[in-house]
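Undergrad: Chains D and A, in that order, give the protein sequences.
Numbering follows this note's numbering, with no gaps: position 280 of the first sequence is 280.
Numbering follows this note's numbering, with no gaps: position 84 of the second sequence is 84.
Treat the hints as calculated values from the structure; they're not laboratory data.
One or more hints might be untrue.
20 angstroms max Cα-Cα, derived EDC-like pairs, lysine to aspartate or glutamate [to be verified]: (1) Lys-208(A) to Asp-234(D); (2) Lys-185(D) to Asp-83(D); (3) Lys-119(D) to Asp-210(A); (4) Lys-119(D) to Glu-209(A); (5) Lys-119(D) to Asp-307(A); (6) Lys-208(A) to Asp-109(D); (7) Lys-185(D) to Glu-154(D).
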Amino acid sequence: MSGAVSGAVSGGPLLSVRDARVGFGTVRGLLRAVDGVSFDLEAGRTLGIVGESGSGKSVLVRSLIGLVGSGSGAIVGGEVRLDGQDVRGLSAKNFRQLLGRDIGIVFQDPMTSLNPVMKIGRQIGEGLRLNRGLNATAAARRAVELLVEVGIPEPERRASQYPHELSGGMRQRVAIAIAIACEPKLLIADEPTTALDVTVQRQILDLLQREQRQRGMAMILITHDLGVAAGRADDIMVMYAGRAVEMAATREIFRGPRMPYTEALLRSLPRLSDPTHTRLSAIPGRPPDLARRGTGCSFAPRCTYRSERCEAEEPVLSREGGRGFACFHPLNASAGTSA
Amino acid sequence: MHWLARQVLRLAVVLFCVTLLTFLIVNILPGDVATAILGGLATPEDLAGLRADLGLDRPMLVRYFDWLGSALSGDLGRSHRSGEPVAQAIADRLPVSLQLMIMAQVIAIGIAVPAALLSVRRPGGLFDRLSASTAFGFLATPSFMLGILLIYLFSVTLDLLPATGFSPMSEGLWANLESMILPALSLGLIEWTVLMRVLRSDLLTTLKEDFILLARAKGLPPWRVLLQHALRPSSFTLITVIGLNIGGLIGGAVIVEQIFALPGVGRLLLGGIFNRDLILVQGTVSFIAAGFVLVNFLVDMLYAVLDPRVRHVRFRS
């Protein structure tokens with residue numbers, strides 16, 4: 001996977017991102033929130049983007065769909081292709097069309113992602129009227145059908161209610177209904193369960209997965225929790241300090257991480273096989289200050305395997321047997337090649 | 001309804017305080033209505049006689065509660081000076097003042113809302129900075145000064161509109177509007193500034209919300225995001241300020257009616273003060289205070305219309 005991107009409209013990946021960059025001008029200089037991330041996503045597959053808060057995963061994805069930019073003073077770079085079409089080159093109007101029709105997004109907190117003063121049915125129908133040309137009656141009918149589909153009881157009554165009249169889990173179901181309303185090709189779920197009760201987290205993830213499979217959508221699942229990505233994502237991209245540090249099929253990440261940061265993330269997961277009262281392992285130190293990045297690997301100060309080379313030289317994401325990692329001292333060398 | 005009862009009680013307390021204070025203040029003023037009617041050359045006997053005729057020789061608190069009793073039954077008394085019933089005098093002049101304030105309010109909101117919406121399209125941009133400095137310029141201008149400037153510009157220099165005087169609706173809608181447009185501008189051109197700044201700042205806060213991002217992700221064009229998603233949740237402070245500003249507007253109207261020679265309630269009040277016409281002043285001030293409290297009561301009701309969450313809390317508990 002070099003920088004070469006084929007010009008073919010079909011046959012290639014649904015989403016192709018090359019060298020994505022997002023910088024914010026601050027008083028202390030340029031803050032590189034996302035620093036040269038590239039990945040591909042095939043139709044029908046799920047990519048989990050995993051990292052600590054501040055690792056740049058949300059900013060990366062929001063920048064892809066133009067929701068970071070004007071007004072925030074962000075500088076956005078790189079190439080984004082959806083279905084072979086250069087997204088960044090589109091006019092504002094065409095880009096909005098693409099956003100409305102082909103991409104659906106679910107945000108973290110359904111308390112704040114729904115308009116508090118607009119009825120639920122109208123919030124669902126709005127995109128349908130705009131992007132699919134439905135009239136008000138048809139959009140309202142479709143909104144009720146969508147509420148049924150995402151598992152909301154009494155859909156007619158709910159459609160004429162306001163968000164505050166629903167529980168958090170129900171609101172997230174509504175948010176999913178909004179995201180899938182226009183039959184998008186790509187569904188982005190940005191920490192979709194983080195703000196929810198543990199009891200409903202699983203239901204929401206199951207719903208997302210079911211919808212994704214039924215509709216053959218590609219999905220990007222952003223999460224800070226490898227456990228959430230475990231059963232849901234086909235591939236996982238681990239981000240640290242604005243960069244992709246490891247990229248592999250989910251199974252292989254869990255079988256044997258190559259990058260010490262991924263290993264540390266895995267070790268911080270609680271396991272059922274652990275004896276009771278086992279302390280969860282935390283990663284010592286803090287993520288680096290993105291406005292003053294030094295030379296060398298960003299993870300080096302927190303890494304137990306670091307050497308002099310790690311502090312002097314920046315490892316690039318190298319690929320080996322279908323998986324990528326940015327490390328001079330990769331772990332699990334034997335498990336590196338998959339069967 | 002518990003909430004409604006509280007509002008009514010509040011109205012009663014405010015009115016009691018306002019009328020009592022007005023009564024006290026007008027009585028402290030030097031000179032009285034007898035002197036004002038009979039002139040400086042009247043003999044003390046004549047003055048005392050007139051005061052007795054008008055009932056002014058009784059103790060102040062007795063007169064106050066006497067007045068309050070009849071006011072509660074709708075009788076605001078008769079003007080000492082002209083003998084005209086105060087309620088009638090107010091009713092005759094109210095349409096002019098109401099029209100003035102409604103037009104001023106329409107002008108203020110009509111400028112403030114588009115200006116705020118345009119400002120937040122690009123915060124810190126040219127329009128934003130321009131409208132901010134224009135707003136501060138107008139805010140620093142007193143309404144009487146603006147009135148005089150407007151007369152100078154539109155009546156004296158351009159000769160487009162009448163400088164003073166009032167044409168009732170019976171002389172035709174256009175003649176009526178012509179006589180009201182400059183007075184309404186003198187008030188509205190100052191009021192929009194506050195409304196615009198308040199709405200702008202609330203819009204900027206709302207635009208950072210996730211539901212705005214979601215609206216943009218639906219593919220809505222920027223102006224639809226602003227109008228359909230951002231404006232309504234951003235308008236609560238605006239509504240409050242509009243209600244509170246009614247007070248300032250009434251104060252401004254008193255002066256503006258004087259400058260443009262409009263026969264409104266403000267001018268009635270000012271005449272009453274000059275003539276030490278206690279009953280007239282008392283009645284007019286009480287009426288204005290009641291109107292102010294009532295408008296703010298309506299504003300409170302408007303929250304429930306605009307924000308379903310308020311409706312939820314207020315009418316379920």
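Undergrad: Of the hints given before, which are not true for this structure?
TA: 1, 7
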